[in-house]
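So the protein lines, in turn, are chains A and B. For the first sequence, the residue numbers in the working numbering are 1 to 114. For the second sequence, the residue numbers in the working numbering are 1001 to 1113.
For the record, the hints were derived by calculation from the structure and aren't laboratory data. For each residue, glycine too, the CB sits at the ideal point set by N, CA and C. Incorrect hints may have been included.
[Stated by the list, open to error] Partial list, derived from the structure: chain B residues whose beta carbon lies under 7 Å from chain A:
{"no.": "1", "residue": "Y1039"}
{"no.": "2", "residue": "E1042"}
{"no.": "3", "residue": "G1043"}
{"no.": "4", "residue": "L1046"}
{"no.": "5", "residue": "L1048"}
{"no.": "6", "residue": "K1052"}
{"no.": "7", "residue": "G1104"}
{"no.": "8", "residue": "G1106"}
[As the list claims (entries may be wrong)] Mimicking EDC-like on lysine to aspartate or glutamate, the simulated pairs with C-alpha atoms at most 20 Å apart in a straight line are:
{"no.": "9", "chain 1": "A", "residue 1": "K71", "chain 2": "A", "residue 2": "D51"}
{"no.": "10", "chain 1": "B", "residue 1": "K1105", "chain 2": "A", "residue 2": "D59"}
{"no.": "11", "chain 1": "A", "residue 1": "K18", "chain 2": "A", "residue 2": "E62"}
{"no.": "12", "chain 1": "B", "residue 1": "K1105", "chain 2": "A", "residue 2": "D38"}
{"no.": "13", "chain 1": "B", "residue 1": "K1060", "chain 2": "B", "residue 2": "E1016"}
{"no.": "14", "chain 1": "B", "residue 1": "K1105", "chain 2": "A", "residue 2": "E30"}
{"no.": "15", "chain 1": "A", "residue 1": "K3", "chain 2": "B", "residue 2": "E1042"}
{"no.": "16", "chain 1": "A", "residue 1": "K71", "chain 2": "A", "residue 2": "D38"}
{"no.": "17", "chain 1": "A", "residue 1": "K53", "chain 2": "A", "residue 2": "E69"}
{"no.": "18", "chain 1": "A", "residue 1": "K53", "chain 2": "A", "residue 2": "D38"}
{"no.": "19", "chain 1": "A", "residue 1": "K55", "chain 2": "A", "residue 2": "E30"}
{"no.": "20", "chain 1": "A", "residue 1": "K55", "chain 2": "A", "residue 2": "E72"}
Residue-level listing of the chains:
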Amino acid sequence: DVKVTQSSRYLVKRTGEKVFLECVQDMDHENMFWYRQDPGLGLRLIYFSYDVKMKEKGDIPEGYSVSREKKERFSLILESASTNQTSMYLCASSITGGMNQPQHFGDGTRLSIL
Amino acid sequence: GNSVTQMEGPVTLSEEAFLTINCTYTATGYPSLFWYVQYPGEGLQLLLKATKADDKGSNKGFEATYRKETTSFHLEKGSVQVSDSAVYFCALRVTGANSKLTFGKGITLSVRP
Chain A
1 DVKVTQSSRY
11 LVKRTGEKVF
21 LECVQDMDHE
31 NMFWYRQDPG
41 LGLRLIYFSY
51 DVKMKEKGDI
61 PEGYSVSREK
71 KERFSLILES
81 ASTNQTSMYL
91 CASSITGGMN
101 QPQHFGDGTR
111 LSIL
Chain B
1001 GNSVTQMEGP
1011 VTLSEEAFLT
1021 INCTYTATGY
1031 PSLFWYVQYP
1041 GEGLQLLLKA
1051 TKADDKGSNK
1061 GFEATYRKET
1071 TSFHLEKGSV
1081 QVSDSAVYFC
1091 ALRVTGANSK
1101 LTFGKGITLS
1111 VRP
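Isolated chain B (complex conformation) (with noise of 0.2 Å):
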């Protein structure tokens, strides 16, 4: 079947630090892939999204790289803000689901000034 694994929480960093939140998948076919990110009494956004090997999503100083010899597609930012604090989701979607989404169970990332 399809699942995504992330890396477990939480993480805390300071202001201005890296981050890397780590996200493997397995699928039964060739998935496209999704980091959703969700504030604070809000609902999921998407953040970014690669359909192909190699593809690299960006937004908000966030990127990830679709990368199929490893079945990975971790996240990363270089220098993160107090506005980064949120729980983000890694997902994947593969052919044929009609449009189902398999998520990770979402880790949290506090930030401090």
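So that you can see chain A by itself, here it is in the shape it has in the complex (with noise of 0.2 Å):
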């Protein structure tokens, strides 16, 4: 089975922080995702990445950066962290190759900024 660990599971941070998100995924998949989800918004894509050192916007990256140095870990980087970015975090991998594979997520983490 495909395996997506985030480090946290809960996170709490001051506002101004620099703020880290690691998630490694364990089956050498190309793909790998960030969203948010936020009540009555659903699913937003933060950044994706298709290969090492590859990245692209997703539809709301105001505010967020990303790393991924290694094909397993993909981080998400909040520069400065504020309120409205309180949400839970959702990374995700796949492979490429065909419509029809699917993204596998982690279990999210629930990060509130004071």
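Two independent chains are provided; combine them into the complex using the hints.
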């Protein structure tokens, strides 16, 4: 089974801090994704990566950056955390090749910015 | 652009009731369609999928048929269980989208014993 592991289930940080959310997958997947999930808004794509050192903006990249130095690891960075970034963050990965390849999700990190 | 519209929730049903969750889409191209489920405290997991018109995806008693003429992919189950209580997301992917998924807003299903 594919395993996508997010480093923290719950995280509390302060406004202005630099925050790192880590995600690791164990299936050699090329594609990795970061979403945020908010009530009434569903999942919104922040950034994604289809190869090491490659990244593309999703629908809501403002206030975030990402890093992918190794194939299995995809980091989401909040450069200067703000209260409106309090949310559930979900990481996913998928293999390249065919539109029917599913994305595999981690269990999420619930981030609170005080 | 691409978008997915799900019916408004939440939905509350009694055990063994029939379930329909509506999903319609707009897409620039020929999409593949997915239903994902999120159980409490967990991430999303793929429930079922369909990749071409008239395909029926099925899993765990759930079914959805890809209807190109009505651009719909409604989720159904004949008899829900308490363990089906979760959030359900409809999603699509189109060719050349670097495996990006477009999700609906999700709907919360609660099943009473």
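Which hint numbers does the structure go against, in order from smallest to largest? 1, 5, 6, 14, 16 and 18
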